[in-house]
Amino acid sequence: EPEVTQTPSHQVTQMGQEVILRCVPISNHLYFYWYRQILGQKVEFLVSFYNNEISEKSEIFDDQFSVERPDGSNFTLKIRSTKLEDSAMYFCASSGTGREDSPLHFGNGTRLTVT
Amino acid sequence: QKEVEQNSGPLSVPEGAIASLNCTYSDRVSQSFFWYRQYSGKSPELIMSIYSNGDKEDGRFTAQLNKASQYVSLLIRDSQPSDSATYLCAATNSGYALNFGKGTSLLVTP
Numbered sequence: 036e037p038e039v040t041q042t043p044s045h046q047v048t049q050m051g052q053e054v055i056l057r058c059v060p061i062s063n064h065l066y067f068y069w070y071r072q073i074l075g076q077k078v079e080f081l082v083s084f085y086n087n088e089i090s091e092k093s094e095i096f097d098d099q100f101s102v103e104r105p106d107g108s109n110f111t112l113k114i115r116s117t118k119l120e121d122s123a124m125y126f127c128a129s130s131g132t133g134r135e136d137s138p139l140h141f142g143n144g145t146r147l148t149v150t
Numbered sequence: 052q053k054e055v056e057q058n059s060g061p062l063s064v065p066e067g068a069i070a071s072l073n074c075t076y077s078d079r080v081s082q083s084f085f086w087y088r089q090y091s092g093k094s095p096e097l098i099m100s101i102y103s104n105g106d107k108e109d110g111r112f113t114a115q116l117n118k119a120s121q122y123v124s125l126l127i128r129d130s131q132p133s134d135s136a137t138y139l140c141a142a143t144n145s146g147y148a149l150n151f152g153k154g155t156s157l158l159v160t161p
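Each protein sequence line maps, in turn, to chains D and H.
Plus 35 on top of the position in the first sequence (first one is 1) and you've got the working numbering.
Plus 51 on top of the position in the second sequence (first one is 1) and you've got the working numbering.
Everything hinted at is true.
Taking CB as the label site, the calculated pair distances span:
#1 D:D97 / H:P65: 43 to 53 Å
#2 H:D129 / D:Q49: 45 to 55 Å
#3 H:R111 / D:S116: 43 to 53 Å
#4 D:Q52 / H:D129: 47 to 57 Å
Example chain D residues on the side facing chain H (calculated, C-beta under 10 Å, incomplete):
#5 V39
#6 Q41
#7 Y66
#8 V78
#9 V82
#10 S90
#11 A128
#12 S137
#13 H140
#14 G144
Sample of chain D residues facing chain H (criterion: CB under 7 Å; computed from the structure):
#15 K77
#16 F80
#17 S83
#18 E91
#19 F126
#20 P138
#21 F141
#22 N143
Simulated from the structure, these hints should not be mistaken for laboratory data.
Nothing here was measured: the structure is a model prediction, and the numbers come from that model.
The beta carbon of each residue, even a glycine, is placed where N, CA and C say it ideally should be.
Can you make the complete structure from the sequences, with help from the hints?
Structure follows, in structure tokens:
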């Protein structure tokens, strides 16, 4: 079964450094998402992406975050200057149509630890 | 703030029993609802989706939706120890992003 692939599985970085989290969505999917989950808390929406542009973003997704689809397969989340509170599990997800009845398929996540 | 509310649990049921998980949502715009299962340290895994009022059954799982009461539930019949996990309720917002609840921890005891 096709799956969403995320790399790395664990990233440790120092406060103030830039990190790039990478995702390969399911190949025929058109809508891409980033969610995060701080330890012990709920899964939170960050951003959705369609047709090479952001279609929706949350309050969390401020100027230090950016997303990009640099080629036909990868989807990346960049955090420009990491803060301690950015430590979380980051999940990439994709869906076929982006319609409400098109379920999200999540990747295994990248655990980001900011020290 | 649009919220999806769940009892955090833990909900403990014996093996073979029915587990009942509940969720309420505040955004009347929400049209689609999902139940995900999440094992510790893992990603959410879709169990059920429901869009219309009433019941929807899939194997041992039944989702129930009542839009008038803004209430969603998940029943797990013949619960197994492998069902022990955190169950996340999610609702679409005015766009297509999912708004998740904090999850209910389910423990099925042998």
